[in-house]
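Engineer: Protein sequence lines, in the order shown, are assigned to chains A, B, C, D and E. With the working numbering applied, the first sequence covers 1 to 485. With the working numbering applied, the second sequence covers 1001 to 1539. With the working numbering applied, the third sequence covers 2001 to 2651. With the working numbering applied, the fourth sequence covers 3001 to 3119. With the working numbering applied, the fifth sequence covers 4001 to 4176.
If you're looking for bench data, these hints aren't it; they were derived computationally from the structure. As the structure is a prediction and not an experimental result, all values here were calculated from the model. It is possible that part of the hints are untrue.
[Unchecked claim] List time: in silico DSBU-like cross-link candidates among lysine-lysine, alpha-carbon distance up to 30 Å: (1) E:Lys4173 x A:Lys351; (2) B:Lys1227 x B:Lys1315; (3) E:Lys4173 x D:Lys3106; (4) E:Lys4173 x A:Lys469; (5) C:Lys2387 x B:Lys1463; (6) E:Lys4175 x D:Lys3106; (7) C:Lys2387 x B:Lys1461; (8) C:Lys2323 x B:Lys1461; (9) A:Lys432 x B:Lys1456; (10) E:Lys4175 x A:Lys469; (11) A:Lys149 x D:Lys3118; (12) C:Lys2553 x B:Lys1456; (13) A:Lys28 x D:Lys3106; (14) B:Lys1463 x A:Lys447; (15) B:Lys1456 x C:Lys2387; (16) E:Lys4173 x A:Lys482; (17) C:Lys2028 x B:Lys1456; (18) C:Lys2030 x B:Lys1456; (19) B:Lys1456 x B:Lys1227; (20) E:Lys4173 x D:Lys3118; (21) C:Lys2387 x C:Lys2323.
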Amino acid sequence: MNPILLLPEFVAVAAALGVMLYDLWLPKDRKAVLCTVSMVACVAVFAATFVPAVADGGTAFGGSYLVDGMALLLKRLFAITALLVFVMSRDYVEDLPRGRGEYYTLCLLATSGMLICASVNDFMSLFVALEVVTVSFFVLVAFKRDSTKSVEAGLKMLVIGSISAALLLYGIAFIYGATGSVFFADYRALVEAPDFVLSTELLVGILLVFLGLGFKTSAVPMHVWVPDVYEGAPTPITAFLSVGSKLAGFVLMLRILEVFGRSGVVADELTPFLALIAALTLFYGNLGAIPQTNIKRLMGYSSIGQCGYILLGVAAAWETGISATLFYMTAYVFTNLAVFTVIVYVARSTKSHEIDDYSGLARRHPLLGAAMTIGLLSLAGVPPILGFVGKFLAIGAAFARPELQWLVVCGLINVVVSMYYYLCVIKRMWIKDARHPADPAVPRRVKIALVVSMIVLIGGGLAPQLVEKMTAPAAAQLGLSKTPR
Amino acid sequence: MDALTLLVVVPLLAAGLLVLVPATSEKLVRWTAITASGITLGIGLWFFRMALTGGEAALTEYTAAIPRRTWVESVGISWSVGVDGMSVAMLLLNSLVLFAGCLVSGHAIQDRVKEYFILFLALGAGVFGVFIVKDMFFLYFAFELAVVPMYLLIGCWGSPKDREYAAMKLTLYLTAGALVALFGLLLLYFETWDWLRLADPEALPSFHLDDVFAASDDGAFGVGFQKTAFALLFLGFATIIPMWPLHTWSPIGHAAAPAAGSMMHAGVLMKLGSFAVLRVAFPACPEGAAYWLPWVAVIAMANIIYGGYVAMAQKDIKFVIGFSSSSHMGYTLLGIASVTVMGVSGAVFLMFAHGVMTALTFGLIGFFYDQTHSRYIPDLGGLAQQMPFVGTCFVLATMASAGVPGFANFASELMVMLGAWEAGYEVQAVIAVFGVVITAVYLLRALADVFFRARKERWDKIKDARGPFQRAPFVLLILVLLVFGMYPKPMTDVIKAGVEPIVAKVQAAQDRIARETGEAPASRRTAPETPAAPAKEER
Amino acid sequence: MANLELYGYVILFAPLVATVLITCLTLKHKALSGWVAIAGMLAALTANALMAAEVFSAEPGFTRVYEIEWLSAGSVVIPFGVQVDALSTLMGLVVTGVGSCIFIFSVGYMKGEEGYSRYFACLSLFAFSMLGIVMSTNLIQTFIFWELVGVSSYSLIGYYLEKDSAVDAGKKAFLTNRIGDFGMTWGIILLFYTIVDTLGWDRASFSFEDLRLLYEDTGAVGAIMAEHAGTLALATLLIFTGAVAKSAQVPLHVWLPDAMEGPTPVSALMHAATMVAAGVFLVCRLFFMFAPYPEALAVVAWMGGITAFLAAALAFVQHDIKKVLAYSTLSQLGYMVLALGMGSPPAAMFHLTTHACFKALLFLGSGSVIMGCHHEQDMRKMGGLRKKMPVTFWTFVIGTIALAGIFPASGFWSKDAILGSASINHTVPGATFLYGVGVLVAFMTAAYMGRCVLLTFFGKYRGHAHPKESPATMTGPLVLLAVASLFAGALSLPKGISAEGGWLERALVGVQAAPSWFAGVHEEQFHLSVAIGGTVAALLGLFVAYMFYGSRKWSIDGFVSKVGPLHHLLEKKYYFDEFYLWIVREVQQRVAVLSNFIEVHILRWIVDTIAAIHRWFGGQIRLLLDGHLHRYITLALLGVVVILTAVLVGN
Amino acid sequence: MIAMDTTFLASSPALAALGEITTAHYVVLSSLIFAVGLFGVVTRKNAVVILMSLELMLNGANLAFVAFSRQHANLQGQVFVFFVIAVAAAEAAVALAIIIALNRVKGGVSLDDATELKG
Amino acid sequence: MDPWTFWLGGALALGGGLLTVTRRNAVASVMWLIVAFVGMSTLFLGMDAGFIGVIQVLVYAGAIMVLFLFVIMLLNLTPSGLLRIDRPRWTTLGLASAAAFVALILAIVTGGELWTAGGGDEEAILQATGRDTLIEGGVLDVADQLFNAHVLPFEVASVLLLVAVVGAVALTKRKL
């Protein structure tokens, strides 16, 4: 029992409670303070992950809670995600008619859920922590309760989310039924035993769990909610959803992969399954994005497509593949949040999310234009931006397994497809003439965030080893196969 | 930091500096870009001088002195660079075109100058990268880095009519091609890793070309593997050469791009493909090359003849030059396919010469297009009277393109023809010779219809290039063409030294195949006696 | 002798230096440009004269080759340098000598032209190129300058670049020459590799001297002949194609008449005196290659004969004074080629030299006339200029006499040499017939030149300008050339007239003697019957011309109506142009349009369709999510079931 | 806890088959309940009823958990069900809140009212 | 295991469930759902899961369903029928996929022997697990587990409930 390991979560939950209570005392026109508090909390969470007791790792709660390299990396990413979401939320929330305190509270609670997700080590914690994130997002998506779109998005997410939770649960039940335990430690011992035989029940359970987690990661077939919800949700929440929620799903996927995938038998079953999902996801997201006219919807489809690439690394399921996945996720955080920050601030001036309203952005507001361009190019996987390296590594890791080379071909085709629609946005920003004369007003805080994001994206793209030095040990710690075959 | 790395760093650094320069101080922006490209030109010349005075040995020595800088250790990415005679020629080409492009853009670009030069320099850095890196990751990295800025350069500063379509097509097409090549590169990478692990089970993988070549020399790559890998690498890189029928991105890309964009695109970008084939695919998969190259020699004919005839049917001056480029690249392909020192050196020399020539041509077209806003040949005419200087330069460029002696293009095309014949591609060589006639037909027609004939009043206000700044880029490029055309030996010696080992490898593979099949090789080349390990049996 | 190399390079590069100087420095200073060019040319002339002094005083067959390596790769080495021997010295003298005259003439003729400096730059470039051919040591170098000559010719024909006809003529000249060059390149490469295939890399070379030595080595040639006799013949004839185009032999002659669009001095220098003679020069240079092949020589001879006749016939129907001279040039070039085919390079060179003098003279004279008539070229609008331009008239008459081959003008001797060689030849099938053609052409030459002189200088002035004599810079060269035209015959008085036979023939012994085992070689002999035949034919020609145009005793219209279809054929120039136009328009352009169709409607379509397919799929995928949650749920469940089943069944 | 005398079932083979209840029976039953929930979700358009169907699905899973808990003779399954109920409660609260919000903005809770977002 | 509770509880749960999803009136659905929950509770109790069986009724049937009823009343829902089959293809497909899901599970369950071999037999379980007695899910037993081995999810569940509270307030409170 080592509760200090939960320091980041404690900080997050305490901050959530603090914000909730402070909200009661704050007059209506000073709610912005809550944003500052939340941002400070995020920094504190980030800092907490560096506290030696936490950073050294270990387990707590009788093995229910595990801090390893991957968990730490993801916790840091979640803290950064939340911070950047708060940065872009401030002005957005000020425009909301009500519920500012609740907004920050829920965001922080969702963050705490994600932090726990990164560390769960049994299915019970997994399920509950996941639901903390999911339920928070149900509320946050429908947060603009006067907006039909927002509420509709909330409802759609709710129904699909609950179905997927039920599937997940059913899968967990099967795993429990096949093994008699919910603790990952038991599973590890089980699959590493020499006499381990994979029963169909266990396999179906694992598959159902992956399918259920697909809801969070927006993988086919549980991706159906994504475009609608991305479009309908408040934009900062869409950003949070597209990064935080997705990464929470992926960290759980990786965790389960780590738990069961250490057995070659299971890995052999999982690889074609994940590859199939990855391929479908890639094509669905990238092809579906082509005809989009709404930037948030486009980002929804793009998010599905990006999920496909991360799955590529997951499916590869060897050390470098996981490292690539973590790398990709790191890149994705900065990339997607930069893009959404721009979306938030463009929409503040144009009151529109139509892609056509991005016309001339590069001229109208060079900083937003540059950030958006770099972000989209990073998503498209263009050097020298961080996203490129992530994509390269993921594709390379999948390539290492001959049985996945068809998937690599799918991935490569989709690089071109995705480049098309990202470039379509870039085209409007750079080539078309402006439709809106209004210059978006961007506060300094956001400017700094954007500049930092861009520096991270390009700096990381030029010197990927800086990121790789974080992801590779984390991946190595998981103890998966060191070579592809 | 070694001078090679500087070639990439200087433009990138300048681009980074430009970000900080306020957009309003355009003069500062221009001078920064020109200075940066000037520095690269200096470095390029320095290397050329090194190659001239010290020969290949000096280059090898220089390369050997550059350490591998580990970048991402776990997957074996390292920043390692090197030069041989071939890349020295390409470096010189790129630095020339980049410098000339900056000068041309200096007065031609008036809108969003800062963004323009940032992208332009990034493009230049990418191209330099391809020419110097010895790491497959960075090869692909630099390749893409060179392709994507092109999108915005064409899209924002190109001619409004077709720029969006052209830019999109170019970017997607080239990216698709690059990805096919990437597939091949990854094949090499993992096969090399397998080989490395034979010696040391704990060995980390490596993207380094030296490791790949070592594996290849050791016979780690089976014949079937080499065939596949070479086909992929070649197809991928051939897209940007551009090989028929993968060329459709190219003419329209030329047409839509701004002057300096076309200069870089046609002058340098198109050379990346053939360079990469020679740099990677030949030494890594000699058997694959020996197997596929006869087909390439056939396709090269399609490039030459088909490109020429399509050019003949064009009414848009930039399309004429665009298709002529794809026609000329047929000679490069033929030279590469010949696998003789003569032919391959000729191909590389042609890459250089065509690069300079076509940069000149597009610079000039851009110069008058900026004033006429028309590229439609029947609209133009008599321009030489308003712009005698530009007209004269254009005549020279046309003559160079038409393969008139005295310009480097002639010497290189002659080398290709000789090389092709030497390799036993007699028919192709004759067709290639005939291609020169076709070239002359459409080029002279275009030249006459644009610059000669009766003066047209609507173009009376057009101004000639004035002052050293407007003229310098053109004069510079013409001088280069003339100098290496009049006396090609320095350049060919430099190139030859770089090409010889590559050619020897593939020739050895050809001989091996000939021995195995018992057929006499069609090639009449004098086979250099270089021992090469026999390819491993099919695994 | 060390100076020879220097002389050689001075001859070669002096005009180039002039070009560079004019282009870089003196474009704005017109007068200076002209003098720079002339200085360059005179420098070359001086060097050439000094060289001649050494070469012609040395023993016959004297040859020096100075080379550097120009390019090398693999086992192939391409040299560059100067070859000093009698042939190059003689040809150099012709080029520099006639060239100097024409340069000086141009100063007057081109006065006031806008592109004066450009003109002299191009002219100097031409001189450089031409001298490059002359001094060349090897096939590739020859080819280089061969093409450069084409380029400078292009730039000078198209000198009046606002005139469509000039531009098109330049284009035509360039492209026609390109076709010849195509053959020539092919031939050179074929020759080289044929040697490689039989004798190996060591013997293969592009150098004239190496090749000549190879051909003298009967064993080596025998080895090639044994294996690749046909190939070698093909290579030889392909190289000859280059000469055909450059020397405007049928069927590649079409460019030369059109080339008269250029300024008249250009026509004189390039399209009469020097450039077009390059083909003849080349065959002389490579005569050792032709010699072993009687068939090849027969082709050459017949081509020459046919050209001589066809062109001469065309000269009758021209009204443009320059066109008359142009066809005359064609015809005379045919003569020279005929001589080559008959196995007598010295005769060809002799005629080349004399022709250079009198044809340049005639062209310059016509230029003077044209200038006098304010740029009127139509002879129907001239007449009676005898009084108004006496110097021009007399020099023109001298030129005409020389061209017609009337004793004692130079043309008489050189034409006699050619006819003589034809009369005694036995190797060429139909040599006697060709000899007859030669005589006939002599008659025709005299006739059309008579027509020309009579129309231009006699009768009444029919134009509207006020012609007057040209300035001294123009008449000076005329007089010089007239003197040369009269006395150039002295260069090679045949045996029987002079004691030791033709000086020229002796000087050029190296050209002819190379394949010593070749039986077709003969000595230049004076044959009285041939001389009388030729002279009579010429006088007859002049008489006929006088009857038609001088005294008007015979009606030209009546004659024309009698030979109507023939006249029509001549007016249409045997439909050569129509034929080529048809090829260009109907064949070439159709291929181009077809290729473009493939490009646009097939290749581009494929690419766009691939993109469209993706877009279509995108549109379909978009329709899946139609907003109804039930469909979403169904999709998701279906997905789950399908994927689970697929994976489980897949096991 | 509920003890019944079931020995009589053994007297008839058919009834014996009925009487031998294995974990598998429970699992099948749970999947049937799950499927009924699915059926509801797919066929109903009243959001509240869909919510109830979702609860049914969760219950299906719960049943399986308890059955496995018994089979494996450990309590983890039962504890899990406890958490599932807690989650279901929380979800239900939020879901109903969303439905109320939907009713506010659309004046109805039919899924047909929520088709604005599409494509 | 106890066949009576299985068949009875199963019938109640399944029948209640079916009726829940097919009633036109939402209130009727709630009532039938409560019946189904009672059936579930029966099943739980039949498996000696006392605590769960009780809270199934207390929390689910008692609290959550009351909440549902409140909301239905609040919204004043008019009876709605089955889904109007306006896109029969999709509905059929949906039904088919639900059926396929069951079939899949059925196939897996019957295909393997994990849960059938002696599954119902007390002795078999005891033998397999090596225990003396079957487990009993009484309050104390569950609580012991809950506060020892599974305290982390328990704590996280409190966060979840907090989320639900804040969320419900944020979404529905009239003045905020």
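Engineer: All the hints need checking, so say for each whether the structure fits it.
Structural biologist: Here is how each hint holds up against the structure:
no.: 1; hint: E:Lys4173 x A:Lys351; result: holds (27 Å)
no.: 2; hint: B:Lys1227 x B:Lys1315; result: violated (41 Å)
no.: 3; hint: E:Lys4173 x D:Lys3106; result: holds (17 Å)
no.: 4; hint: E:Lys4173 x A:Lys469; result: violated (48 Å)
no.: 5; hint: C:Lys2387 x B:Lys1463; result: violated (49 Å)
no.: 6; hint: E:Lys4175 x D:Lys3106; result: holds (19 Å)
no.: 7; hint: C:Lys2387 x B:Lys1461; result: violated (49 Å)
no.: 8; hint: C:Lys2323 x B:Lys1461; result: violated (38 Å)
no.: 9; hint: A:Lys432 x B:Lys1456; result: violated (34 Å)
no.: 10; hint: E:Lys4175 x A:Lys469; result: violated (51 Å)
no.: 11; hint: A:Lys149 x D:Lys3118; result: holds (10 Å)
no.: 12; hint: C:Lys2553 x B:Lys1456; result: violated (51 Å)
no.: 13; hint: A:Lys28 x D:Lys3106; result: holds (28 Å)
no.: 14; hint: B:Lys1463 x A:Lys447; result: violated (45 Å)
no.: 15; hint: B:Lys1456 x C:Lys2387; result: violated (43 Å)
no.: 16; hint: E:Lys4173 x A:Lys482; result: violated (54 Å)
no.: 17; hint: C:Lys2028 x B:Lys1456; result: holds (24 Å)
no.: 18; hint: C:Lys2030 x B:Lys1456; result: holds (26 Å)
no.: 19; hint: B:Lys1456 x B:Lys1227; result: violated (57 Å)
no.: 20; hint: E:Lys4173 x D:Lys3118; result: holds (29 Å)
no.: 21; hint: C:Lys2387 x C:Lys2323; result: holds (24 Å)
When held up to the earlier numbered hints, the structure conflicts with 2, 4, 5, 7, 8, 9, 10, 12, 14, 15, 16, 19 and fits the remainder.
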